[in-house]
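Heads up: the sequence lines are chains E and C, in that order. For what it's worth, my numbering labels the leading residue of the first sequence as 1, then goes sequentially. For what it's worth, my numbering labels the leading residue of the second sequence as 1001, then goes sequentially.
No lab work stands behind these hints, which were simulated from the structure alone. We put the beta carbon where it would ideally sit given N, CA and C, even for glycine. Hints may be right or wrong, so weigh each one.
Partial list, computed: chain C residues near chain E (C-beta under 10 Å) [unchecked claim]: (1) Ala-1216; (2) Gly-1220; (3) Gly-1231; (4) Ile-1307; (5) Pro-1309; (6) Arg-1310.
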Amino acid sequence: MSGQRVLQVEGLDVSVGRRGLLHDVTFSIDRGERVGLIGESGSGKSLTGLAVLGLLPEDVHARGTVALAGVDGNLLELDERRLSHIRGREVAMVFQEPMTALNPTSRVGDQVAEAILLHRRCSRGEARRAAVELLDQVALPAPAEAARAYPHQLSGGQRQRVVLAIALANDPELLVCDEPTTALDVTVQALVLDLVVRGVTARDSALLFITHDLSVVATVCERVLVMYGGRIVEAGPVEEVFRRPRHRYTQGLLEASDLEQAQEHTRLRTIPGSVPPAGRFPAGCVFRNRCTHATRECETLPPWTGPSPEQGYACFHPAHETAQVGS
Amino acid sequence: MLLRILRRTGILLASLVASTVLVFAFMAVLPGDPARVALGVNASDEAVGQLRREFGLDRPLAAQYLSWIGGLARFDLGTSYISHAPIGPQIADRLMVTLWLVVTAMVIALVVAVPLGTVMAMRHRRPSGVLLSALSQVGVAVPAFLAGILLITVFAIGLGWLPANGWTPPDQDPVMFVKQLTLPALSLGIVQAAVLTRYVRSAILDVMREDYIRTARAKGLTPTQALRRHGMRNASIPVITVLGLQLATLLIGAVVVERVFVIPGLGSLLLDAVSNRDLIVVQDVVMVLVLAVLVVNFVVDLLYLVIDPRLQVSSR
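Here chain E stands alone, though its shape is the one from the complex (with noise of 0.2 Å):
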């Protein structure tokens, strides 16, 4: 854990009313750092991001600290005024949807411009042909074309281009992608994930990515975060998390994801059971109700077991190496 800290987020409460979406959410990330954050929907992984960005809708509330580089005191406790400075500026967020994620009546090129004008001192032109280069970047064709186009005049990958050219605009910190290729054809997919680790490798950026797809974060992340019942029960570095899952969860979906498993037995396993709704969770470990191996104990919280936040598991009956999977 070395570089500079960039996000940290310590004791993250989400709650709506009485309800409990995310629970003691605690990680880090450093500068230049790459981590995903797995799960199942439901599990509070895009709570997590918005949170992060102060983009909670109104009725949902946020207790804990998330402190960024750069910006003095917790997140969570400043005014909209000063977050709209922060947003976009040193956090950007890509979001799942490209299809409706930007305006449709306004031209794609002022869309990306607009978000240099906020937050930098130059003239329309200037932004605007900063806007046309930063679609040159994320490989949109003919992009001074492009940029005068309107967002129905392009294709599904081309908009979640656009929506990155906009997130990367002013060379954030932090870049938060919330699925930002699940609603994608699988071509378009490795485009948009390359484009990705390009954008926040040449800036230096954290990345932190929100998937379902453990395939993704392999090929995109260096550290991963395992989320379940809005809490993070696994954490640490993608290769030995994925080879030695410890937590009965993470190796529920590994298996679940295991397609050359998968061919000898026909089937994909899968947990038993789903994702109960928000705030429903069991008490004690959240997974219990799901899991093979739960026992008495695992009705009471099971700790956190490992050298830091970063690296860990909490489970009263971790994996071990039987629980090898892939090559």
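Add chain C to chain E, keeping to what the hints say.
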């Protein structure tokens, strides 16, 4: 895009022709002989027959219809059964009066509804927003003529600030014109504003939930900025639809309000013509109202093209 405009123009013309048939058919099936009414109960059959010939009422319906729309196409609306005066100039004068009233009411409705609806949407969870919402609900329930009577009671009779009725053309006495226009335009406008406010509110609430607003906020726009720069234009699409429909409602509302405020507009012309059985005038006024509504809808459709680039399919 050009194709769309051409097609829309075609639709406009077709509906115009269809509406002439409908309006004419309606008048033809109404009971009562205009000539008999014009001359009174004591008139001789001979006199009545002569008048029928004079108006062309003795001809077959098809011939009557054709001569009517033939006249319309040349802007000749015929002559009144009662006053024997040409109808065209009369309707033109009255239309101007009604247009002043309706357009002013529309402007009032817009000026009230757009900011109010926006505030209601932005504060929809807070007490102030809920209170405004409830008030506008009350406004929706009040008919324009009742609002007119209330306004007269308070501002004309009670406070004596404004005249209770009457009409002065703007070129004659601009000050008096404004004074006399205020109360009727308000009574039409406020009620429309209440309705429109609710549409503005829900349009903005819908837009604020859109993904592109979230993108805009992730860029660093405050909610208000995001709404102004990215929401308003998109929210205006459903609002303009309602505005188009409301203009039709306003024209009808004007008929009643003109009565309350004794304004010589199209509405009072229509009511007079109905009570005098001056069927040709009724027919013409209704036709003019239909035309106005059709043209407004046509303009609304063209506005969509300007606002929403997705509809400009053939461009680029």
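Hints and how they fare:
1. Here the hint on Ala-1216/C is kept, as its CB sits about 7 Å from the closest CB of chain E, short of 10 Å.
2. For Gly-1220/C, the shortest C-beta to C-beta distance to chain E is roughly 3 Å, which falls under 10 Å, so the interface hint holds.
3. Nearest Cβ of chain E to the Cβ of Gly-1231/C: about 9 Å, under the 10 Å cut. The hint holds.
4. Look at Ile-1307/C: its Cβ gets to within about 7 Å of chain E, closer than 10 Å, so that hint holds up.
5. Taking 10 Å as the C-beta contact cut-off toward chain E, the hint placing Pro-1309/C at the interface holds, the least distance being around 4 Å.
6. The beta carbon of Arg-1310/C is positioned within 10 Å of a beta carbon in chain E (closest approach about 5 Å), and the interface hint is therefore held.
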